[in-house]
Amino acid sequence: MFGTHYRLERRSIRFVLAIVFVASIGGLFEIAPLFTIDETVEVDPDMRVYTPLEIAGRNIYIREGCYACHTQMIRTLRDEVERYGHYSLAVESQYDHPMLWGSKRTGPDIARLGGKYSDDWHVAHLDNPRDVVPESVMPAYRWLLRNELRTDDLGGQLLALRRVGVPYSDEMIANAPADARAQANADDPGAEDVAARYGEATNIRAFDGDAGRLTEMDALVAYLQILGRLSDAAGKQAAAGEVAQ
Amino acid sequence: MIDLSHDLLVGISKSFGLFYLIALSIGATVYACWPSNGKKFDRAAKSVLKDEDGPWQ
Amino acid sequence: MALVICALVAITGLAMAVAGHQDPLAAQGYVVLLFALAVGLVVINGYFAPAPDEERLRHYYDDPIKVGIILSMIWAVFGMFIGDWVAWLLAYPELTFDAAWASFGRLRPVHTTGVIFGFGGNALIATSYHVMQRTCRARMPGQLSAWFVLLGYNLFCLVAVSGYFIGITQSKEYAEPEWYADIWLVIVWVTYLVLYMRTLARRQEPHIYVANWYFLAFILVVAMLHIVNNLAVPVSLGSAKSYSAFSGVQDAMTQWWYGHNAVAFFLTAGFLGMMYYYLPKRAGRPIFSYRLSIISFWGITFFYMWAGSHHLHYTALPYWVQTLGMGFSIMLLVPSWASAGNALLTLNGAWHKVRDDATLRFMMVAAVFYGLSTFEGSFLAIRPVNALSHYTDWTIGHVHAGALGWVALITFGSIYALVPILWKRERMYSPVLVEVHFWLALAGSLIYVFAMWNSGIIQGLMWRTYNDSGTLAYSFVDSVVAMHPYYIARAFGGLLFLLGAIVGCYNIWKTIRQPSDEAVVLAGDHPADAVAEPAE
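Chains as they are written, first to last, in UniProt numbering: chain S, 1 to 245; chain H, 1 to 57; chain E, 1 to 536.
Think of the hints as simulated: they come from the structure by calculation, not from any bench.
These figures come from a predicted structure and were not determined experimentally.
Treat the hints with care, since some could be wrong.
[As the list claims (entries may be wrong)] Below are the SDA-like pairs computed for lysine to any residue, each with C-alpha atoms no more than 25 Å apart in a straight line:
1) K116/S to A233/S
2) K50/H to V43/E
3) K46/H to R198/E
4) K104/S to K353/E
5) K46/H to P206/E
6) K353/E to N454/E
7) K66/E to Y92/E
8) K424/E to G11/H
9) K424/E to R56/E
Using the sequences and the hints given, assemble the complete structure.
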């Protein structure tokens, strides 16, 4: 009977298939149900998408490896909810390709950072964290203010995001570079279009304090200021009296 | 309908997964302990200690 | 043939450079182009060597193994240097240049990729070439594919690391390289699998020795994980950027299914393969229980796959998936300890050798660390424990207990066992330096791990401490300040470990350079090859 296994390894191909089979089952069982999960978790029809400027900022966040030290996932623990706000919901990262939940808090969680500090604070803090928080061990990102933001590829970025499931319209894709510039300058004639396309709640202002230049700092601060604010699902849940455990 | 498919998937994961686990554990253990395999295993275990000269022709 | 491949790679590099003229992709293209040209030059150099004779077929093909070992040590020093640098940055954040490439966030993946894929990966490829030929009693079927896998893999590492410096990353931990590097790795990896299978098919032994099982599982499952987790849509063929096919919860589960199993099948299965060959060999005793090694093989192959979700306790991941991950993580302890115990029991009757031989002691201590860190892993996967430990330095300590204590020590032990065999020397140039390396590595690992245990637990406790009035006692920055001494201790431990690796490099270098021992040399051992050895 157990010549079976012997034959199995005599023919190394079958052995290989056995390993693949044994190994793949676990992943399959865990991951497959998650693809139907959208229907069982919270839904938020009012969920907004990231603007082109915020996407650019998110890409800078990824580029600089911020996710290595900051999480964007508040766990359902009392101290975390008190420190950082309502625990994170699945729906809140449904447009995050990839997710940036993180795995390490060398710095604090920033899932609900948006609106907590002023733009000026963020600009000063990113330029040199120790100007604002003397004990900080965060790197100084001085080049963000120096570097002009690249906008020519933003249409392509949104298009690629649409291909993986984020509902960007043709109009959003076509106007992406212009929208990015307009969002960082309230006086820009296109600023109203940005609000029309992405919602009235969109932040439109010179994030780095200089409306004349569109820098990487504009994009990153725009992204940080929207964290936790694309969906109001958590707020509604809190209002409905749900209490964190 | 869609909820059902989610429940179904979860159900399969939870039930079949368990049987699969048990069957596999038993299978691997029985194979490893099957008496007639012993000689082969001993030979294999000792085989690494042998020559380094070159491939067998 | 080798030239054709170099030319193809060079053209791909050029195409990348052209297509990505406005994009960071262009720089990556030049890296590929230069690498292909360099390898091409070496190939041309060896082109006029005399045609290989039939004599070579009577020997194992060891040249790529030698190069793999050397590359592995180079990556080790590089990766550990960067690692220690970022460790000092956490204590003294200004200890760097005012340049984007030198900031913590970009250096950190350089460190992880450098040590895991550069050091670990090259060591795995080299030792697997050695083990598969020896245990099959068969020479590799060809020479080209072995070189293609080794050098192609190093090209992947090089592209990945140079990309991080200029800000190219997918942000998925341990899967940071972008889409084009990922595709390249798939090509290399499939070749690796085919090479391994073809060698197995030529074997003269009826039974496949268990070390090969582990190497096979490593190759197969890493391929699976890599392909699934890296599914992404590139912005365009001229852009380095891509967006993951998954988002949110699904992405998190896929990422940690990958991340955890990368630990399982890259950093565990492959290195267990190493252990099951080199430890018995060095101790001169067969493995304690071959049966146990089979049971633990299937146990590890099966259990690990389910355990990834313990990285996501208390998150937005469904509760039952978290519970599943926790359950399997605890069950994992059984096959893990079976392996560690098996290794240690093999040494029964050979303890005098462990005392005298630092090489064997490397392997012994590695098995102990393997046992300890797998126990710690199962412990940390328990949900309430995880509530305290997750997001803290405890995780970092756990990972390094495994990475330094288990992976690096078993690798150094295997390399010290392998180098004299490969270069036909009676022993290493200096056993004393092996001893020095051993103690540096052990001291470094212990200091590192203890520092991180302390800082992690303190951090976790500070975050959840309440004062009498029922409010949180510490601000976040209080916990940052409290970490300072431990970060210095950690960086110091890392420094010791790095020094050990440098000592090891020196020792290996001297071993290679010392005149070969006549008694050990086999006549005609160096067949002239069509593919010459790269100069690195």
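Check: Which hints, by number, does the structure contradict?
Finding: 2, 4, 6, 7, 8
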